[in-house]
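**Student:** So the protein lines, in turn, are chains Y and Z.
Per my numbering, the first sequence runs over residues 7 to 353.
Per my numbering, the second sequence runs over residues 437 to 1319.
Keep in mind that the hints were calculated from the coordinates and are not lab data.
Keep in mind that this is a model prediction, so the values were computed, not measured.
The C-beta atom is built at its ideal place from N, Cα and C for all residues, glycine as well.
Treat each hint with caution, since some may be false.
To be verified - Now the stretches of chain Z that chain Y is said to cover, found in silico as 3 or more residues with beta-carbon under 8 Å: (1) 507-517; (2) 535-546; (3) 561-570; (4) 602-613; (5) 767-780.
What the hints assert, rightly or not - Only pairs whose alpha carbons sit at most 27 Å apart, straight line, appear in this in silico DSSO-like list of lysine-lysine: (6) Z:K495 - Y:K124; (7) Z:K640 - Y:K124; (8) Y:K349 - Z:K480; (9) Z:K814 - Z:K834; (10) Z:K640 - Y:K127; (11) Y:K127 - Z:K720.
Below are the chains, spelled out letter by letter.
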Amino acid sequence: MNNYSIPTPDTIPAHWIWFQVLLVFTFVIHLILMNFILGGSLLTVYDMIRGRKEYIASKSIPTLVALTINFGVPPLLFVQVLYGHFFYTSSIIIAVPWILVIPVLIIAYYSAYIYVKKIEKSPGWSKGGLIVSSLMLLCIAFVFVNNSTLAIVPDRWEVYFSNPRGVNLNIGEPTLFPRYIHFIIAAIAVGALGRAIYYHFSGVEEKVKVLNIRRNLRIFAWMTILQVAIGTWFWLAMPKEIWQLYMGGNLYATILMVTGWLLALGILHAGFKGRLLQASVMALLVVITMVLIRDFARQAYLGSFFHPRDLKNVSEWSPLIVFILAFVVGLIAIYYMINLIFKPENQ
Amino acid sequence: MNYPVWYLPSVGGGSLIAIIAIAHVVIAHLAVGGGLFLVLTERKAVKSKNAALLDYVKKHTNFFLLLTMVFGGVSGVGIWFIIALVNPAATSMLIHTFVFGWAVEWVFFIGEIVALLIYYSRFDKMSSRNHMILGWLYFIFAWLSLFVINGILGFMLTPGKWLETANFWHGFFNPGFLPSLIFRTCIAIIFAGVFGLVTASFLKDKELRASVFRYCAKYMYLPVAVLALTGLYYTRVISEEAFLNLFHFNRESSPFINVLVIASFLLFGIGLFTLFRFPRILQKIGAFLLVIISFAWMAGFEYMREIARKPYVLYENMYSNSVRPENNEKISEVGFLKSASWSKIKVVTDQNYIQAGEEIFRIQCMACHTIKNYNGVKSLSDKLTQRGLEAFLTGMGKVNTYMPPFMGTEKEKEALAAYIFEEIQEKSHLRSTEVNPGDFNTEVPDFSNAKDDYVLLVWNDLGMHCISDNEKYFSFLPPANTFNAQLFKRGSKPELIKTGVYITYSPEAEHENPQNHSMFWDYDEAIFGVDLPEGIGLSGKGLTDTMDLQGNMYAAHLFPVTPYRDDKKYNPYPVFTIKAIDQTTGDMLAETKAVAPTSTEMGCRNCHEGGWAWNDVSGMADLTAQNILAVHDRYNNTSLLEDAENGSPALCQSCHADPAVNAQGKDEILNFSAAMHGFHANYLTGMDQEACNLCHPSSVDGNTNCYRGRHSGTGLNCTNCHGRMEDHALGLLAAQKGNEAAERLSRNLNPVFIAKKEDIIPRQPWLMEPDCRSCHTNFSIREDGFKGTSFNMWADGFNSLYRNRTDAHGVMCIACHGSTHAVYGARNKYELQRDNLQPLQYQGLAGTVGTHDNCQVCHKKKMTLNGHHRNMVLRENIVSVVK
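So here's chain Z without its partners, still in its complex pose (with noise of 0.2 Å):
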């Protein structure tokens, strides 16, 4: 932000950094372990008078200097360029904090140039005990000057105590001091070694050559035990977030933590040659490979080393871009692009979206990122839609602190995705086409105030069923409706019928064939352990069926349902027909019509990229559910993609318990719901109904549109009874408080609606759902445009549930209320009574049943007192019905 960014796209700043940093590191920590080999070989060539292995120290000590002093010492220099070309404000930082401990390496740096230039040049030309003084003084030198360095390199990952004191020493002796030089000093060791053998393959001698390759053997395998300690000591001493990222979530440390694991194989496995005589060339070519494998192990090292850092250069200081993590508020306040020193553009406006995306991309982002090589955005983001992008940005640095958060304003960060999405991945975006509902009409049955006895009340529990519809990847709603139903015998005093009749449902025309729209019935096996018939649901039931009394109602589970028709036209509510039939003469007593809602447009695809499945209309493409499997396998370690792509999808549910399709899941894995509403609040905060649109079909423009009942019209919102999604979230997490995921979902979870995180009430899903009575006090009507919560005021109890309460004479508040969330007086996006089909038949109003002063619908007369509730009667009828 401070400096202008050295704009590489294509190699990217940190590549250049690696480059040379490795060769360099191998080359310094030889330089280190490479002074102790030079000087206790003449020793043991001294003591045992062997003038050919004092020769052989002679040629080495030449072939050191020249890498050693020449590429490793320019290549040191190398590496300050580099970090202060790519990342000059913590280039800045480490010099001016560590500026004489820098001074302090160069004066080592200085002796251990003049010891060895003296060594080379001096040997034959002294006396051996001088001239190994002179090995010594080498030794001790480079040993310091990794010390140095050492300290300072260990700050960036482990500053300690620093971040409070900003003390030197606090910094230099910081945690990770000790068991990085103890480590680096075995790796000094070994590398030692392997150049030895590479010197010693020239070597003529048989004999010599067999016995110095020996000889290195032991420099090489004699550290191996201490670094593989310090090593884990290492990963116990960085910070358990940096642990984490390393070896769980930033999947771009896998592939170098693979380098490093297979290298360290090859090269201890292979180095085992050195103790066997081959012939010449194979030591030489044997003596090459393993200094190939010695720069892979050395990349392997500090890569994982980066990697745990991130998204910080200096560990909890500065973030890799060069924002200190104090200044994001201030900078998301005031703009990014205010408030970068070097940026053309300072505000994002219609016409340079795309640019000022791009001027932000290269400040902010490009720090760690390529477009399309190492780290490249176009292969990281291309699972998501611009939408997703923006969802991503929110989220970034929150799941996941491999990454840090998202600095600008709202406005910056369309601009970002959009020159992702549009110049980077060079993507339009997907069609969704708006359903023409054309020109359904349902017949309303008949109903005889007169002559009918009996009065059938039938409804979805949920008002609205979504099937998750692509189970060749996974499944977490299989099509599965449900319906309940009441028979009341009309009388003064009506009676609720349990016995002695059935009830029979079935479809209306072209909705009869779900086994024709959904491939269910391939993966009913693998991802339920069933093996249905065709147009058969999971309980048993199809879609011509009878009910089963369950307590005071009948109910029919799990029927399989499809938004599809035979016509090829898309119908989210398909209307049954239901009748009563008396058991014993087989007379119909009563009839009428329901819709069972079921929605395939899950809105996972608004941010996943993949598109619908169905005529862009609705449905998981196959695209899309990959997209998600994949997001699950990266941020979780999973292999459902694969599976899946093996013939084996999962249900979400077998891990993740649900109490909506009966689930157990695991015990130390969030509840679904949960999971869900954790993970994305945080990359959908700071928004009203919009955040729930995005996934529910409840969006007024969607194809579904299933919030549809009185509510909607009077402007309130998911939000009024559910909660924003952060609440929401918070709600479903805090019932699973103690489990690790849960606490990480949500420590950047602010709450919307209640001012404290810990005033929220542990919820567990479709078990605890908003009271109506939050708002509709002793059963009032909100007149006052009332426009609260009833977050965090769950009906006490199952039973209290909305779908499940009754009145004192078993009458279901449902029943007469209709759905939820299509409570009667509800508006069918389809077809504008489609819901309200039974208070049209019975009362010829399209409000709730016995409104109006229809209590003759089932009393057959005009009651006058509140039989079921309070504030029935003799009240003013304000509340509209739909005409």
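Extracted from the complex, chain Y is given alone in its bound form (with noise of 0.2 Å):
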């Protein structure tokens, strides 16, 4: 007998496939919008120690890291609506960790406006700050990858007695470093996709332009290549029970695979090929499909505890009226303020 059992959940306000839905959905964006700064960081490390001015693009990094942040928080408000009992407990058990997260982002934060700022005046200080930041972020990740194997394998979760006190992390878990490995590379892939797009819209000199990225989206190609290997080992990683899910063992699981292989080989086309629209929306396609796949094999994991059909739903539809309400005027607000930059009195 465990000493210890899955935590009883709340209800929940609507039909559970809303927020299934919205996590999907806002978790897209702030994986995109994660790795652009963070294969764009370690990009950036990168051209920084092969002596390259890789400045331009990464400019950005600290807006960026505004917009991540605040795509982060949807999707970690509905993976709590869903399933915030195995959230909550993962995450008390590397609860020491996972607390650091806050200081350590507000350093990586504070270091990639350093970056900025100081690029002209001075430079050292501008490329500890970059190195800072992206060290920092590389913790996050690996923290935030600790949290999510260990949430959906609640086996695991007897570790705690042997230290409540938080300090443990997930080490033992098979899929721990390829998965951390997995995210790092796709990250890189979609970082310098970023790169390649923001040249696209710079208004650098064509053949600068040009060069950058055809560059980028090279790398992004060999990343993926990479990442087919690394994915594999991820995906073997999983009980096997599981992996085989995806190898014909559930039609929606197999789909899905299928989809991101194909995704991954439309990918290499349009990298060496230097076509930056078509490398753009497989790129989405293909981080979409993670997603999904991400998802499944959650639910895979949790399919002897839980699912979020579990959850008992007392509708309450006005508050997700309000939402839906806001949603739009904060959409149109947002066009508005982008518009403003545009209007001819304002250039």
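Could you fit the two chains together into a complex? Lean on the hints.
**Tutor:** In structure tokens:
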């Protein structure tokens, strides 16, 4: 008998599918933005080591951090709504590294600002800022992967009793490192794509623009090749009964996996051919596919314990309607604000 | 219970929340008010075409963006992280109840970020009108964020109708919503002014700096009146109980109230410097000082709000330790450890006692308490013994409601108390030595049935007088014993003698010098307002003195006996020799002996740490007295301990009325018995006579064993006459109905011997006592093993009390039957027959005077009629006497 039991969840105020859709939707945005900053930072560090000056795209890192954090909020909210009882428990088990994410993120954020602000005046500080920021982001990603893997494997929660002070990680989990590396490589790939997109819209000299777009798309493609290997490692590190679901064990999962593979091929094609639009669309599709694969894997792991449909729904429509209205008004306001920039009198 | 507990024995989860939350909340308020500041200042600069001021706004925007968007934004996420770690159940509840509220807030948050990023990056690159539109949009989104979070935050303290309806809007627009919103908006504007000073203090232009300082001062001072008024309004919308806990009962709030008050004075006092022209360095120091004070101010306010909510994390819905009140009963029945989802130990055994206690502490207490630091149990509980801790746990959430009730079985409660006492306090039990009574051997006075013409009956009215015994700190029972006596001239119709005689009394050897064993005479003036000669009691009587005629008996009141003997022995039953002397001839008419029972075995030390004062045997030690006063001061906002230490100890009855010492007390304060029993009953519930024994010297294992009369040998205990602790307390409290404290003390007490509270007869202490006839109907002897109670069946009137009642001839019941609690046939721990000296003297039998047809004691012959009361004669003598 275990010394613990899975906590009882609270009721939800709308059908679970609402939250599932919102979770996937907002997580995709968060993931792309996160990939832009993490991948972008790592690539800039790499450029720096190689002596290349790649400052233009990376100047947007602080803004991207702000947006990434902002878009991290809704998936964090919706994951708590659906999987809070797993998520809180795993967070408590690794409480110390988990709470350290906050100061580390603040350091990363300020370091990113130092990087941008000091580019001209004190390059040393600037480089230091970027390196610190990148390292901090890598640490955060590692803690997140620890939490995500621990949350879905309640059998590993016994570790709490050997250290209830929260000084734990989920190191023994077989998928931990492949999953982490899988995410980092993905970030570099998408980060490279982000830079290519940035160059596309930037006002730099055409020659430089084309060169950089091509270069970054190639990185994107090479990283995707690497990702195939890492992804396979990650995939096979999962318990057999789960990875087999993606190999015909479950139709939906298999379709997702095949789609992923096909999209990867598409990315290789677009990347090596230097086709930005195609690469961007493929990347968006692959991120969505991967989020869905990830979501399915979570369900598969939790299969015997829980499914969001088990949550008791105590419907209250009016707050949902108010949210939708606020969302629409918010979008209009944002559109209006961005539009203001491009008004002739503001140029 | 549902989730694992993040074990933080030193820091405490609450402190971590506080650190992150206070830092965030200051910046979050700044993010709102600062938005207004930016756009209004820009407007001012544009209107006045003041380029320097506009440049200041731009610089301030940079500072503002870095502070609010980076630090404010991330620390906001930090609050989510930390509350989920420390109180996952409550976080889950907030998330699930208000998920769409949070989602709306996120929309406003992104609106804020987009507006601010554009506002900052497009400074000087847009038309001022459009730029200011962005500024206004930022402020609107920021304020709307506050609007949403304020609703959810207010909900936690004042959930209002939501508790019944669970409706989102009832929870959101809760009673605290409006005052909190206005209050926080004012704070936001004030902080905008304060932080405006920071960047302004770096301005090099003297004139500009001075004008911006004055401008910022407007933000600081204009909202003050509204802030104060809404602050007051806020305290009115919280529940009465929360208000009382915050401002009266829960001392945890005191430092934070002080911080808030002092910070307010400092903020708005020091803030005045902005109106004067000081050197730049001083202005910088001043600005940064105000920022620090702002953090302190916020800490004071937010802590007060948190403390007002205790013991709940969501008022009246979920305790801070994540247990819902409605589950309390079930948990206490099933067991806390069994009910907890994350406990290694499920059942308390003799082997895992301390570990089980630790586990309970971790899961049930650590949401609020650390071990040694903030709100640390070590310092909070160091005034209690292990038994005291058990009592405290029993009473938690009853008298003072800022802690939840203890949830668990009795065994679990004991395990928790043991863990706190042994492991956290690292204490061991203070010694208590059992007195060896030794060889007291009192000679029974002579009596000749043939020759003696007088019978002198002497008794103590209560059967035991206790001394609170540490006048250095307080007193509620001074050394003050009482003898009553009746003298009869023997004959077929005995005569009660009330004239022509005087009656003297004197103590046995080694008891003559109470002044050597009591500090009473050092503090008589401070406590009682009289400066008595040493050895003399409050009514002017010494230990060798005469008695005064009082009605149909003689009496000596309040002579100062102590149980401490000159030969360093302890005996709470000093024997006195009493003589009746013919006033005219000086001849001794009669002589007898009686005990003046007096004990210092007040059981306060059983719960209030400090031990015995006198050789581990008896008496109240200084530490015990200090600990008692500290508790009184803490619960009642008094300063008794400090007063005592400054040489002004108090008589408890100077506030608490008490007929026993003829004290009027104060009207609004409970009488002494009601306060003592009412308060302690909440901590000693569910017990039989053990509850009495904890305080009174009635335990058979104690060094007094005052309940020694005939009844004690029949299996009856204190509660058979007085009721259980709860009954007893409820009776006393019912007599003070309408008194706020009486309501508070009685609301969680349930009667044991009576079905309903309403049926309890209000009882005045000392004036209403059990009626012997509730068991001894028609003065019959109960032979049926009666185990009922005479609780709630009080003697009708003062004169009907056992100690006052007489028969038709003026003979007092107590004269023949013996002192209360020591009714003849008594067995005294120090010397078997010590309380039976008179029946032994007069009839050779240690039973009621006159029993076994010994009517001749007074009547000189056997009687055949029931002269004094029914059922006296013509019956079988079934009651054994002590041999």
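**Student:** Is the hinted pair K495 of chain Z and K124 of chain Y satisfied, with a Cα-Cα distance of at most 27 Å?
**Tutor:** holds (17 Å)
**Student:** If you draw a straight line from the CA of K640 of chain Z to the CA of K124 of chain Y, is it 27 Å or shorter?
**Tutor:** holds (23 Å)
**Student:** Quick check: the region 602-613 of chain Z, covered by chain Y? Criterion 3+ residues, Cβ under 8 Å.
**Tutor:** As far as the region 602-613 of chain Z goes, the hint holds, because 4 residues have Cβ atoms under 8 Å from chain Y.
**Student:** Quickly compare the C-alpha distance for K349 of chain Y and K480 of chain Z to 27 Å and report which way the hint goes.
**Tutor:** Holds - the C-alpha atoms of K480 of chain Z and K349 of chain Y are around 24 Å apart, at most 27 Å.
**Student:** Does K640 of chain Z pair with K127 of chain Y here, judged by a C-alpha cut-off of 27 Å?
**Tutor:** It holds: about 22 Å lies between the C-alpha atoms, which stays within 27 Å.
**Student:** Test coverage of the region 535-546 of chain Z by chain Y using CB-CB distances below 8 Å; three residues minimum.
**Tutor:** Holds: 11 residues of the region 535-546 of chain Z have a Cβ under 8 Å from chain Y.
**Student:** Below or equal to 27 Å on CA atoms is what counts here, so check K127 of chain Y against K720 of chain Z.
**Tutor:** Judged against 27 Å, a Cα distance of about 26 Å means the pair holds.
**Student:** Mind checking, does the region 767-780 of chain Z have 3 or more residues with a CB under 8 Å from chain Y?
**Tutor:** holds (count 4)
**Student:** For a C-alpha distance cap of 27 Å, please report whether K814 of chain Z and K834 of chain Z respect it.
**Tutor:** Holds, because 22 Å separates the two Cα atoms, which is no more than 27 Å.
**Student:** Taking a Cβ-Cβ distance under 8 Å as contact, does the region 507-517 of chain Z have three or more residues in contact with chain Y?
**Tutor:** The restraint on the region 507-517 of chain Z holds, since 8 of its residues have a Cβ under 8 Å from chain Y and three suffice.
**Student:** Verify the coverage statement for the region 561-570 of chain Z against chain Y, using a C-beta to C-beta distance below 8 Å and requiring 3 or more qualifying residues.
**Tutor:** holds (count 6)
The structure meets every hint from the earlier list without exception.
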